[in-house]
Amino acid sequence: MRSRRDVLRSAVLGGGASVVAATAMGSLGPEAAFAATAPAPAQKVEPGAPDPDFAEGRIRSIKENTLLVLGSNLVFHTIRVVDGTSLWKLGPVAFDQAKPGDGLYARGVRMPDGMLAAESVWLNIVNIKGHIKNITGQTLHLDHNGHEVLCHVVAGKSVAIHSESPPTEDLSMLKVSQHVQILGAWRPDTNEVDIATVFSPH
Amino acid sequence: MARSTAPDPPADLLGPVQGEVSWFCCGTAWGPCSSTGKGACGTCNSGNLQHAWPNTSDACWAITRPDSCGVGLSRRTCGFRHRITALCSGSSVVTAIADCGPQTDLFCGERSCCGATCASNRLIDLTPAAYSQIASLSSGLRPAEISTA
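Quick mapping for you: the protein sequence lines, in order, are chains A and B. Residues are numbered in this note's numbering as their position in the first sequence, beginning at 1, plus a constant of 67. Residues are numbered in this note's numbering as their position in the second sequence, beginning at 1, plus a constant of 45.
Just so you know, the hints here were simulated from the structure itself, not pulled from any lab data. Note that the Cβ used here is the ideal one computed from N, Cα and C, for glycine as well. One thing to keep in mind: the hints can contain errors.
Claimed, not checked - Taking beta-carbon pairs under 7 Å as the criterion, some of the chain A residues facing chain B (in silico):
| hint | residue |
| --- | --- |
| 1 | W189 |
| 2 | V226 |
| 3 | S230 |
| 4 | W253 |
| 5 | F266 |
What the hints assert, rightly or not - Stretch by stretch, here's where chain B covers chain A in the computed footprint (C-beta under 8 Å, at least three residues):
| hint | stretch |
| --- | --- |
| 6 | 109 to 122 |
| 7 | 128 to 136 |
| 8 | 193 to 205 |
| 9 | 210 to 220 |
| 10 | 237 to 243 |
Make a model of the complete structure from these sequences and hints.
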C-alpha cells in the first residue's frame, strides 16, 4: 500500500497544481490525515536535530498553491499545498483561508529542490499553558509566562475537555486562578487567541 | 501544599512509563511563542526533534514536581534521548532533552484517552516538529508511552 507521503511526493513530482493522485485520497482534516498515515519508516533525523520535513514561520505571500514562508530563524520555506493537504485554522479549512501574515507549522515531504510538499499545515495554531486571571463575557484572560493573552470563546468552535471527559461546549466550569492549556488560533499581530480547546485537569 | 512521596525507584527505571504528551514552542517563534527562549539547555527550537523532561536538575524538579502526582522519574540531562510512542496511533519518535517541563503538578491526575486507551499525568512535552511526527498538532494532548532510546 502506498503511504500518504508517497502519494504527496509523487503528486508534486508529477505536476504541480493539478494533483490527481492526492485528490484521490481526498482533502482530510488533520486528525483524519494522521489516522490515515501508514507506519513511518525508521527515523532518519538525528534526535535533537532540525527535521527537514517540518517548517515553521509566517506567510509572506501566496501564489497559486504555493506558500512563501519566512521562518522565525529567517530561513525561507516554499510550501506546496495540494488537494490532499490537510489545513487547520481553528478547525479544518480550505486553502483560501490561508492569508499573508498567518503563522504556521507544516509537515510534509522535502523535495529535491527544497520545496516542502505539505501533508498538514496548521495556521496560527498555538498551544499555551497558564493561569486564568479573569473571565469576562466570552473571554478568558490567561497569564502565560507573565504575559496576558486574551482567549476568545468562539460559538460552535470552542470546547473544554475536563480530564478524560468528552469535549463540551459548556465552558462554565472553568474558574479564575485555575491552570489550563489552551489550544487555539492566534489572531496575527495581537495578544489574542480564538479558542479551539481548553484542557482542564479537573 | 502537601507533597506525596515519589515511588522508589523511579518508574522509568523499571521500563517504559505511560503518561500524557503535549507540545510546546521554543526558540525563535511567532505569536505568543515569540517570548519563549531556547529552553533550559539553551538549544531548544520548535523545528528540532526535542522534548522537555521534568527532572533535568534539582531546580527543574522543584518546579515540575511529578512526585506530587505520585510519579517518580529519573534525573536525565540535556541531550538524553527518549522514544515517545503515541498510544492512539502507535507512531513513535526519538527526541533529545532540550528543556525542563512540563509542570506536571499543575495537571495532577489529569487523564487523556483515545477510545479505551488512556494515560494519566503530564510527563513529557514535545516540540511541534516532534509531536507532529506522532499526532496532529490540533490534537493538543495525547496518551503516550515513554522509554529510553
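Quick rundown of the hints versus the structure:
The restraint placing A:W189 at the interface with chain B holds, with a minimum CB-CB distance near 5 Å, inside the 7 Å limit. Proximity of A:V226 to chain B is violated relative to the hint, the smallest CB-CB distance being about 11 Å (cut-off 7 Å). Of the supplied interface hints, the one on A:S230 holds, with its beta-carbon coming within about 5 Å of a beta-carbon of chain B, less than 7 Å. Using the Cβ-Cβ criterion of 7 Å, the hint placing A:W253 at the interface with chain B is satisfied: the shortest such distance is roughly 4 Å.
Hint status for A:F266: holds, given a least beta-carbon distance of 6 Å to chain B, under 7 Å. Coverage of the stretch 109 to 122 of chain A by chain B holds. Counting CB-CB distances below 8 Å, 10 residues qualify, and the rule asks for three or more. Residues of the stretch 128 to 136 of chain A with a Cβ under 8 Å from some Cβ of chain B number 0, which does not satisfy the need for three, so the listed coverage is violated. Counting residues of the stretch 193 to 205 of chain A whose beta carbon lies closer than 8 Å to any beta carbon of chain B gives 4, which meets the minimum of three for the stated coverage.
With a threshold of 8 Å between beta carbons, the proposed coverage of the stretch 210 to 220 of chain A by chain B holds, since 4 of its residues qualify and at least three are required. Given a C-beta distance limit of less than 8 Å, the hint that chain B covers the stretch 237 to 243 of chain A is violated, as 0 residues qualify and 3 are needed.
Of the numbered hints given earlier, the model fails hints 2, 7 and 10; all others are met.
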